[in-house]
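**Q** Protein chains in written order, with the working numbering: chain A, 1 to 80; chain B, 81 to 293.
Because the hints were derived from the structure by calculation, they are not lab data. Even for Gly, the Cβ is constructed at its ideal location relative to N, Cα and C. Be a bit skeptical, because a hint or two may be false.
Beta-carbon label-pair distances, calculated as ranges [what the hints assert, rightly or not]:
#1 20/A to 284/B: 53 to 61 Å
#2 69/A to 252/B: 31 to 39 Å
#3 53/A to 284/B: 53 to 61 Å
#4 20/A to 167/B: 33 to 41 Å
#5 53/A to 153/B: 42 to 50 Å
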Amino acid sequence: MHELAIVEDLMNTVVQSAQEHKLQRVKSIKIVVGKKTAALPDSLMFCFEALSPETILAGASLEIEETPGRELYVEYYDAE
Amino acid sequence: MQVNLATKLLRANRDVAAENRERLRKHGIVAVNLISSPGAGKTTLLERTVEALKDKIPMAVIEGDQYTALDGERIERFGVPVVQINTPGGCHLDAGMIATALDSLDLENLRLLIIENVGNLICPAEFDLGEGFKVGVLSVTEGNDKPKKYPVIFQDAQAAIINKVDLLPYVNFSLEHAVQDLQEINPGLKVIPASATRQDGLEEWFNWLLEQM
Ligand SMILES: Nc1nc2c(ncn2[C@@H]2O[C@H](COP(=O)(O)OP(=O)(O)OP(=O)(O)O)[C@@H](O)[C@H]2O)c(=O)[nH]1
Ligand SMILES: [Mg+2]
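All chains, please: the whole structure from these sequences, using the hints.
**A** Right, dumping it as structure tokens:
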């Protein structure tokens, strides 16, 4: 549930940070998603693939680590 | 270059929820977030609760509903302040909506705030409103498997009301199993079997609520 809102927030967070660091292209992103957030990895992936083209995140790979709790955060991203 | 962030997502809601919580705490207001599937009996339970407690403690109600003001009107009849929030198409209340609703309430003179969330057992469980605690309502017509199928709300709640026990003779619902499942999901959960229409179990609910004040 609410994967779209999560992915939008994720993209804004990474784009803003990349701009601050004057990075042009994001290659990969790692996020941590707790099972209790009820956010489905497949659905997050789908939203990311739908929204990322035509942004500096285009073509970036999204790695999702699943944990048992309520975690929901961007761990790091790799960009150049 | 790798940039480490550890930035929480959907933080906007959490930040506003934390502000609401602080605001309520400063005013000494206990806020309850009432959550159930559509029609489990939240508003009926609220009608009985407002009726019984409004002269004992200054209270107000925030009503969440997708489209109508029907529930707000039902509560208004009892002469307590009500704020109706509509969430057209939206399946839950969020902390921002509650912040706006708090602006229109006289917080100085309130002790108890009950928030009826949009009828939905899933989404509201995920959005912190800044409440003191959540209460889940489950009705016996929904079937025995619901606590296990929708555990998040019951894991989080402080109390669960099993409503419509007057219908037990007509439905294949085992109260015993439901209580067992709920307590397995959340060992600290206060479980109160009740009938909001026949008024069973309501004293226990009122007393428990007053104890939380
Ligand atoms: N038999 C029986 N019916 C009840 C009980 N409590 C509520 N109802 C009926 O159930 C229906 C729904 O009750 P509401 O109080 O409107 O339920 P709600 O959870 O507020 O519904 P939404 O706000 O639409 O999600 C109404 O027809 C109530 O009269 C109960 O304890 N026993
Ligand atoms: Mg209602």
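**Q** Each hint: holds or not?
**A** Each hint tested on the structure:
The hinted window of 53 to 61 Å between residue 20/A and residue 284/B holds, with their beta carbons roughly 55 Å apart. A C-beta distance of roughly 35 Å is found between residue 69/A and residue 252/B, which places it inside the suggested range of 31 to 39 Å. Separation of residue 53/A from residue 284/B is about 56 Å and conforms to the stated range, judged on CB atoms against 53 to 61 Å. The beta-carbon spacing between residue 20/A and residue 167/B, approximately 34 Å, falls within the hinted interval of 33 to 41 Å.
In this structure the hint that residue 53/A and residue 153/B lie 42 to 50 Å apart at CB holds, the actual value being about 48 Å.
Consistency note: the structure conflicts with none of the earlier hints.
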